[in-house]
Amino acid sequence: MTERSNSLSEWLEARLPVITAFRREYVNFAMPRNLNYLWNFGAFATIALGLLILSGIFLALNYTPTVTEAFASIEMIDRQVSSGWLVRAIHMGGVSMLFVSLYVHIGRGLYYGSYKAPRELLWLTGLGLLLLVMTTAFAGYILPWGQMSYWGATVVINALNALPVIGKPLAAWLLGGEGLGNTALHRIYVLHFVTAFSIIGFVVLHVAALHVAGSNNPTGIEPAKTDDTVPFHPYYTTKDGLGLCLFLMVYAGLIFFAPDILTLADNYAQANPLVTPRDITPEWYFAPFYAILRAIPSKVGGLLLAAGSLGVLFAVPWLDASPVRSARYRPILRIALPILFLAFIALGAAGMHPPTGFWLWISRIAVAYWYLYFLVLLPYLPLVEISKSPPSSLQEPRG
Amino acid sequence: MTKDGAPTSSSNQCSSGRGGTRRRDVLATVTAGVGCAGACALAYPFLDSLNGTRNSRVGEDDTVDVDLSAIPPGQQAVVTWRGWPVFVQRRTAAMLASLQALGAAQRLRDPESKILQQPKDATNWHRSVVPEIGVLIGICTHLGCVPSYDTPSPSDQSGKYACPCHGSQFDIAGRAYKNAPAPYNLPVPPVTMVSATHLRIGQSKGDPDFDIANIQQI
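Residue numbers (our numbering), protein chains in the order written: chain A, 1 to 399; chain B, 1001 to 1218.
Hints were generated in silico from the structure; no laboratory data involved. Here a beta-carbon is modelled for each residue, glycine too, at the ideal position from N, C-alpha and C. Where hints are given, some of them may not hold.
Residues on chain A that point at chain B, a partial pick, calculated with CB under 7 angstroms [as the list claims (entries may be wrong)]:
1) Phe-58
2) Ser-82
3) Leu-86
Not close to chain A: a few residues of chain B, all C-beta gaps over 12 angstroms, as computed [as the list claims (entries may be wrong)]:
4) Arg-1024
5) Ala-1028
6) Thr-1031
7) Gly-1035
8) Gly-1038
9) Thr-1053
10) Asp-1062
11) Thr-1080
12) Ala-1104
13) Thr-1123
14) Ile-1133
15) Cys-1165
16) Lys-1178
17) Arg-1200
18) Gly-1202
19) Asp-1209
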């Protein structure tokens, strides 16, 4: 470094020590040496979020949030705005990439016990992020004002209405009193923005919590010796970088080769309050919760179980009674948890099919297992399960 | 993490100290270069989307017809063409005489309309297709305000335009006066006389290749 830039960095350092903070948290930050590629998905989610916000800002420049203009302005973006189709494909593909990353990220946390002390707040801020992302995705899906937008919004707002006590005022605040019209669309547009930018704030909290407790690792034991850790740079910048290249290749494939594979043709027909489309299907990332909603033959019951399926996740740090973090050393959980993942996928598949016969029973069995896992297996499994003893060091080969 | 090498961050910091370029430096530089190229490629659709919409005017008729019989001598009508205010004047003999008056040219920046601010069929002393009818785009060439029209009065029979923003002045043919900020004459749109009482803005019979986008300044 030259003397000039040295004095500049010293000047900055004395006033705002961003350079040392960056070195401490992102260059020299001690990471467990044994992280596998599942630890890449947090970085994937961050990149997807960044691209969503960037493309969202550029979409907003051409979008008109009124009942008469919204659909036409989206068509204009797709057909007339220079590169508008690409900006919109980045935005729509980004949602799926973000949800995929979040679901894998959460599954990884469940498998390796990343929610256990002292990482409870890391887990809770992460679930808060999931709720915010879901709210933003729901609000965003209404904005194109297609048939699916309109009827999806109708169903969810009526569901909100059915919630005891808070339901009616909440729905009224969202709609502004005149049904699903201009006022509601404008509010939903603002909601989409507000929640999207709140996500950035929550990510800061989530990362700050991560940097207090440090990353968990596949063995679930804390790094003890200095040899157990490696600096974030270059070890995990390169590992994240390689994963990111693959992630972006899949993302680019979605954008350029199949921009419409995950969207529904019905949403390219303008909203019509007089006709409900024949098959109402949610976006894939909402399908599991939609399946729960339909599996229960009771309005309030379905809502409570769908909301509760996320609610139990918040309680996981206190439901899990085992002192062993990683499922690697818990022979029964190691089978029970992948079945939970299968149940989630089965619910997703059921949510994309009509709720009759086979799919109805698949979703009922899957919901039952979901609650069985969290409310029975997590608290009581340690009573019968004989866990293997985790290694004493991160450097020991897998047992 | 493999077994070779103690995991310390010092190994990549002292690379230049050993002298010469190392394999890792080349890889790092190439990675950064490709990363920058990727960032530029990513920036392209976003910046391109700011270029606005294509084909938005295809098939749209952007000509405006004006009925001249409604305009009294010495007065002007204001119509909108492509979003701009367009002044359509019916000139009196006294106004036309003022354009050719001795010494009038000395007070003007471009008395002979040499700068491209009008179609060829309006590049003349009256800056219009026929002397009695004047058509001007009412956007001051200084900073874009709309000049106000001072109608001919008994004391000043020539009439003129004065811009309320920064005091620019133009004669009745839209020619900019010296000693005022506006640098160019007011633009003249393409105009065709359909009949003696009827003109069409947006189409020029006398200069069919004229494109308003090519003039010096609007």
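Looking back at the numbered hints, which does the structure fail to meet, lowest number first? Violated hints (numbers, rising): 4, 5, 6, 7, 8 and 9; every other hint is consistent with the structure.
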